[in-house]
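Going down the list, the sequences are from chains U, V and W.
Read in order, the letters of the first sequence are residues 1 to 258 in this note's numbering.
Read in order, the letters of the second sequence are residues 1 to 258 in this note's numbering.
Read in order, the letters of the third sequence are residues 1 to 258 in this note's numbering.
Any given hint could turn out to be false.
Said to hold, decoys possible - No more than 30 Å apart at the CA atoms, straight line, and that leaves these computed lysine-lysine pairs for DSS-like:
hint	chain 1	residue 1	chain 2	residue 2
1	W	Lys214	V	Lys222
2	W	Lys258	U	Lys73
3	V	Lys22	V	Lys188
4	V	Lys222	W	Lys74
5	U	Lys67	W	Lys254
6	W	Lys221	U	Lys229
7	W	Lys167	U	Lys172
8	W	Lys206	U	Lys80
9	V	Lys258	W	Lys75
10	U	Lys40	W	Lys229
Bear in mind the hints are in silico, worked out from the structure with no lab data behind them.
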Amino acid sequence: MSNIKIKILDKEIASIIIDESKTYNALSFRNLGDLIKAFKKLDNDKNVKVIIIEGAGKSFSAGHNLKEVSGLKKKAKYQKLFNLCSKLMLQIVEGKKPVLAKVHGAAFAAGCQLVASCDLAYSTNDAIFATPGVNIGLFCSTPMVAVSRKINRKIMMKMLLTGDPIKAKYAKEIGLINDCFAKSQLDKEVLKVAKIIASKSKLTIKIGKQTFYKQLEMPLKKAYAYTSKMMTKNMMTMDAKEGISAFLEKRKPKWKHK
Amino acid sequence: MSNIKIKILDKEIASIIIDESKTYNALSFRNLGDLIKAFKKLDNDKNVKVIIIEGAGKSFSAGHNLKEVSGLKKKAKYQKLFNLCSKLMLQIVEGKKPVLAKVHGAAFAAGCQLVASCDLAYSTNDAIFATPGVNIGLFCSTPMVAVSRKINRKIMMKMLLTGDPIKAKYAKEIGLINDCFAKSQLDKEVLKVAKIIASKSKLTIKIGKQTFYKQLEMPLKKAYAYTSKMMTKNMMTMDAKEGISAFLEKRKPKWKHK
Amino acid sequence: MSNIKIKILDKEIASIIIDESKTYNALSFRNLGDLIKAFKKLDNDKNVKVIIIEGAGKSFSAGHNLKEVSGLKKKAKYQKLFNLCSKLMLQIVEGKKPVLAKVHGAAFAAGCQLVASCDLAYSTNDAIFATPGVNIGLFCSTPMVAVSRKINRKIMMKMLLTGDPIKAKYAKEIGLINDCFAKSQLDKEVLKVAKIIASKSKLTIKIGKQTFYKQLEMPLKKAYAYTSKMMTKNMMTMDAKEGISAFLEKRKPKWKHK
Numbered sequence: 001m002s003n004i005k006i007k008i009l010d011k012e013i014a015s016i017i018i019d020e021s022k023t024y025n026a027l028s029f030r031n032l033g034d035l036i037k038a039f040k041k042l043d044n045d046k047n048v049k050v051i052i053i054e055g056a057g058k059s060f061s062a063g064h065n066l067k068e069v070s071g072l073k074k075k076a077k078y079q080k081l082f083n084l085c086s087k088l089m090l091q092i093v094e095g096k097k098p099v100l101a102k103v104h105g106a107a108f109a110a111g112c113q114l115v116a117s118c119d120l121a122y123s124t125n126d127a128i129f130a131t132p133g134v135n136i137g138l139f140c141s142t143p144m145v146a147v148s149r150k151i152n153r154k155i156m157m158k159m160l161l162t163g164d165p166i167k168a169k170y171a172k173e174i175g176l177i178n179d180c181f182a183k184s185q186l187d188k189e190v191l192k193v194a195k196i197i198a199s200k201s202k203l204t205i206k207i208g209k210q211t212f213y214k215q216l217e218m219p220l221k222k223a224y225a226y227t228s229k230m231m232t233k234n235m236m237t238m239d240a241k242e243g244i245s246a247f248l249e250k251r252k253p254k255w256k257h258k
Numbered sequence: 001m002s003n004i005k006i007k008i009l010d011k012e013i014a015s016i017i018i019d020e021s022k023t024y025n026a027l028s029f030r031n032l033g034d035l036i037k038a039f040k041k042l043d044n045d046k047n048v049k050v051i052i053i054e055g056a057g058k059s060f061s062a063g064h065n066l067k068e069v070s071g072l073k074k075k076a077k078y079q080k081l082f083n084l085c086s087k088l089m090l091q092i093v094e095g096k097k098p099v100l101a102k103v104h105g106a107a108f109a110a111g112c113q114l115v116a117s118c119d120l121a122y123s124t125n126d127a128i129f130a131t132p133g134v135n136i137g138l139f140c141s142t143p144m145v146a147v148s149r150k151i152n153r154k155i156m157m158k159m160l161l162t163g164d165p166i167k168a169k170y171a172k173e174i175g176l177i178n179d180c181f182a183k184s185q186l187d188k189e190v191l192k193v194a195k196i197i198a199s200k201s202k203l204t205i206k207i208g209k210q211t212f213y214k215q216l217e218m219p220l221k222k223a224y225a226y227t228s229k230m231m232t233k234n235m236m237t238m239d240a241k242e243g244i245s246a247f248l249e250k251r252k253p254k255w256k257h258k
Numbered sequence: 001m002s003n004i005k006i007k008i009l010d011k012e013i014a015s016i017i018i019d020e021s022k023t024y025n026a027l028s029f030r031n032l033g034d035l036i037k038a039f040k041k042l043d044n045d046k047n048v049k050v051i052i053i054e055g056a057g058k059s060f061s062a063g064h065n066l067k068e069v070s071g072l073k074k075k076a077k078y079q080k081l082f083n084l085c086s087k088l089m090l091q092i093v094e095g096k097k098p099v100l101a102k103v104h105g106a107a108f109a110a111g112c113q114l115v116a117s118c119d120l121a122y123s124t125n126d127a128i129f130a131t132p133g134v135n136i137g138l139f140c141s142t143p144m145v146a147v148s149r150k151i152n153r154k155i156m157m158k159m160l161l162t163g164d165p166i167k168a169k170y171a172k173e174i175g176l177i178n179d180c181f182a183k184s185q186l187d188k189e190v191l192k193v194a195k196i197i198a199s200k201s202k203l204t205i206k207i208g209k210q211t212f213y214k215q216l217e218m219p220l221k222k223a224y225a226y227t228s229k230m231m232t233k234n235m236m237t238m239d240a241k242e243g244i245s246a247f248l249e250k251r252k253p254k255w256k257h258k
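Isolated chain U (complex conformation):
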């Protein structure tokens, strides 16, 4: 049985739960593969509009499974592991639906990368985040791809060179997470944000999310040419026409997600 569970929180909001508490939800070969499958499944599920990712037990995720890593031995296997992990992160970024990280306990190494890769992230007040690979002689080189695109470079370097964890409140200050809450409030607060997003047009958000990450990698002029084209495409959808009509008629829009 897979350690990756899917739970429907609200009709349009699904949660992916990494449920292997004995390894602190380590991102093993198996869990990575199952996570990719779960994200793909929900991305293609017509009823789901928002995806939440969380961990069972004491922590969000401790990153790679070091026992497994230790036994791989061969270069080709390591390459395969890091490629699979990158594939998961790209699946989240390139997917159609917003992904929210709901974090408690520790989000370390690839676990921290997972948080950084999500569109939004929320945590408990006592959650901690780290890229501690340097402590085991294995620099957090793939995790830093995601984290360094979210936070300031000098703060990132401090985390990478010392391996020291940072606290939720500081993670919010530097933009690694959107907000943090008391443990008892986290579920409710994340659901609140998810419901707001789920109330929008699925098609609009799909176009927007995919356009967002692509334009970020373009020079300004090209980004404007690209987004102008995508916004025109968006404008031709039924939902944009309905949304604008509803706004002008001062009524709630009825999305057809088309």
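Fit chains V and W to the known structure of chain U by using the hints.
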């Protein structure tokens, strides 16, 4: 008569005012075209050193004119509208002179993009900023080009996915604006900054502004090669020689803007 | 005798001191050349794991030597000066070892660039930072390459267009430096961070530092392909195997730096 007015605040400081309060200074085809003309005119006006952009009435700008948008119908017309809007933003970024946004009330969608596109931005304490396109089924895809190059990605995504507005104080914290002031102080404070900038060499600032945005899009090594060349060019101007002489002689420089 | 001194603070931690207090440690042709030599020397010194850069006397560094600049006259000489300065900054970024700036007094223009170019930076509480070239008609075009890759664009533009200095506490808030301390505590605090970094594997940090700056300039997908390759390479080192074994055996790792 055009809704875009030009006002000379101080001999070398000009303000462009969007004056169509009934539409909350919407960026219609006409206003966009007139804004581009106004920016070009001031950019070529030898007496003007700093440009301020502001809105008349209750708000800075509500973004596109949804009534107009609603009536366009044809794909080619939407494409034309978004292209024209992008052209305005590029005019500000690629222009020779510093542009300061002076914001009150709401700066929404393309209005928020306009703020983000300026070199500096100041607002009243009660100003609000949003990329609310998602609420009308039309994701703020062109606005996010400007805003996402100024603020953290997760904060940006929260604004884009929920459409929720943010307040001036928070906009300052995240770097969308430089500062915010009491309504009664804003004019004075913006003028203070504009006067400081107007006291510098126009030529130096022209070289600097244009070099700034270009180098941002280059990899580090190329950026150094390019800026070293531009700094050498700057060094050969009369104003750099005068500025350095004045500094060594402990006197005020007399700019020739050459 | 050179103004650039090397001091061994702790067996594995070396400090480069710019010691020309009469020019506020200006980055003259000679000092730039000697700094490059010093960084190269320490980068190749097998005993050194962390490099600190600091200034003697009242300030960290005032930037270029304006008296020297004033006397250069010829375009080719200016080009040579700015190229040499860029070469120093690239040496720090592309070097194998972490570089920590320890700043007191003023870090202006190329001095501010030097701080921004280091992996980490710490200062006294009363240190100030500026890109004031605009005041002498010479825009800080090369300094902004380093600074604009660390801090928000609007904040950077304010510094560039006004030339106004910012204080240490604010420099920390915006991510130009990592932290600031009372003058009496700075040495101790920087040494503390340096020692933590020196306790890691030199080879791991070399791979990590070099991978960090390279991946930052790549689009996401390419960055993942590159870092996955580098992390695999890192995994095949003795130190990664030792680090993971030590972790699993709950003991301290013994680095071989291989």
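Results of checking the hints against the structure:
no.: 1; hint: Lys214(W) <-> Lys222(V); in the structure: 13 Å, holds
no.: 2; hint: Lys258(W) <-> Lys73(U); in the structure: 17 Å, holds
no.: 3; hint: Lys22(V) <-> Lys188(V); in the structure: 26 Å, holds
no.: 4; hint: Lys222(V) <-> Lys74(W); in the structure: 23 Å, holds
no.: 5; hint: Lys67(U) <-> Lys254(W); in the structure: 19 Å, holds
no.: 6; hint: Lys221(W) <-> Lys229(U); in the structure: 23 Å, holds
no.: 7; hint: Lys167(W) <-> Lys172(U); in the structure: 23 Å, holds
no.: 8; hint: Lys206(W) <-> Lys80(U); in the structure: 23 Å, holds
no.: 9; hint: Lys258(V) <-> Lys75(W); in the structure: 16 Å, holds
no.: 10; hint: Lys40(U) <-> Lys229(W); in the structure: 25 Å, holds
Every hint, counting from the list given before, is met by this structure.
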